[in-house]
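Peer 1: Here the sequence shown stands for residues 1 to 237, numbered as in full-length UniProt numbering.
Since the hints were made in silico from the structure, they are not lab data.
Quantities reported herein were computed from a predicted structural model and do not represent experimental measurements.
Note that CB positions come from ideal geometry on N, CA and C, so glycine has one too.
Honestly, I wouldn't trust all of these hints.
As the list claims (entries may be wrong) - Simulated pairs of lysine to any residue, SDA-like, Cα-Cα distance not exceeding 25 angstroms:
| hint | residue 1 | residue 2 |
| --- | --- | --- |
| 1 | 89 | 133 |
| 2 | 177 | 231 |
| 3 | 100 | 133 |
Unchecked claim - Label-pair distances were calculated between CB atoms; the ranges are:
| hint | residue 1 | residue 2 | range |
| --- | --- | --- | --- |
| 4 | 7 | 73 | 27 to 33 angstroms |
| 5 | 83 | 213 | 22 to 28 angstroms |
| 6 | 123 | 68 | 33 to 39 angstroms |
| 7 | 110 | 196 | 35 to 41 angstroms |
| 8 | 123 | 150 | 16 to 22 angstroms |
| 9 | 236 | 122 | 24 to 30 angstroms |
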Amino acid sequence: MDILKEFRASDKCSYLPGKNQTTHYKIISECSAADCQELIERGYRRFGKMYFRPICPACDECKSIKIDVDNFEFSASQRRVLKKASNIKSYIQRPSISKKHLELFEKYHLFMKEKKGWDYTPVSAQNYYNSFVDGHNSFGYEVLYYLDDTLIGVDLIDILDDGVSSIYFYYDPDYMKYSLGKLSMYNQITFAKRSQKKWIYLGYYVKECPSLSYKSHYKPYLTLDGRPAIYEQPLWF
1 MDILKEFRAS DKCSYLPGKN QTTHYKIISE CSAADCQELI ERGYRRFGKM YFRPICPACD
61 ECKSIKIDVD NFEFSASQRR VLKKASNIKS YIQRPSISKK HLELFEKYHL FMKEKKGWDY
121 TPVSAQNYYN SFVDGHNSFG YEVLYYLDDT LIGVDLIDIL DDGVSSIYFY YDPDYMKYSL
181 GKLSMYNQIT FAKRSQKKWI YLGYYVKECP SLSYKSHYKP YLTLDGRPAI YEQPLWF
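Modelling step: build the complete structure from the supplied sequences, incorporating the hints.
Peer 2: If you want it as structure tokens, here you go:
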């Protein structure tokens, strides 16, 4: 693991109003799949070459969460989502960037600004590349969702030895009737079952944050105990 830079930063909390957050960052030039696995298991997330996790001294609301794939069973309503989207095609490949990617990313975030009050900053091609294309190494992929010839969703994932780390998903709000966010997650679970992967790593669950509280709907799941060091055994329960 070649760490180029390691630092901590404090800023306004991204998830809960009126709070500040402290985040630990590692910028890693070349990360193996095994090293990525070790970090994800200990509560880190990856954007590009940057691995990060919250280490707020007075708050533990951010719970690292992972779905127990072996014991997940699709409900009737979840199967209906898959059936309704049977005409949507998906393709997996290494992360890429195109005009269509950037236009869809922009459209999604403008929609979320209006719907949920998300902060909005126009994304540049360089920023998108740094966050979602760079640093994928041997384990990073994107799943492209198409309806006919129209790109309607992009799912960024890492495929690790024992599971799938779900990085980021964005979609075209004009196709909300297909429940694309749920569809992408169900497809991750289906892929994990077929590939005999044990876990879907969902990042952080924050009970009082509407944008993250949905993660508790995917049961059964486990949460990480604290923020273990890289030399400590992570405990999930």
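Peer 1: Give a verdict on every hint.
Peer 2: Comparing the hints with the structure gives:
no.	hint	in the structure
1	89 x 133	holds, 22 angstroms
2	177 x 231	violated, 46 angstroms
3	100 x 133	holds, 15 angstroms
4	7 x 73: 27 to 33 angstroms	violated, 43 angstroms
5	83 x 213: 22 to 28 angstroms	holds, 26 angstroms
6	123 x 68: 33 to 39 angstroms	holds, 34 angstroms
7	110 x 196: 35 to 41 angstroms	holds, 40 angstroms
8	123 x 150: 16 to 22 angstroms	holds, 20 angstroms
9	236 x 122: 24 to 30 angstroms	violated, 38 angstroms
In this structure, the earlier hints numbered 2, 4, 9 are contradicted, and the remaining ones agree with it.
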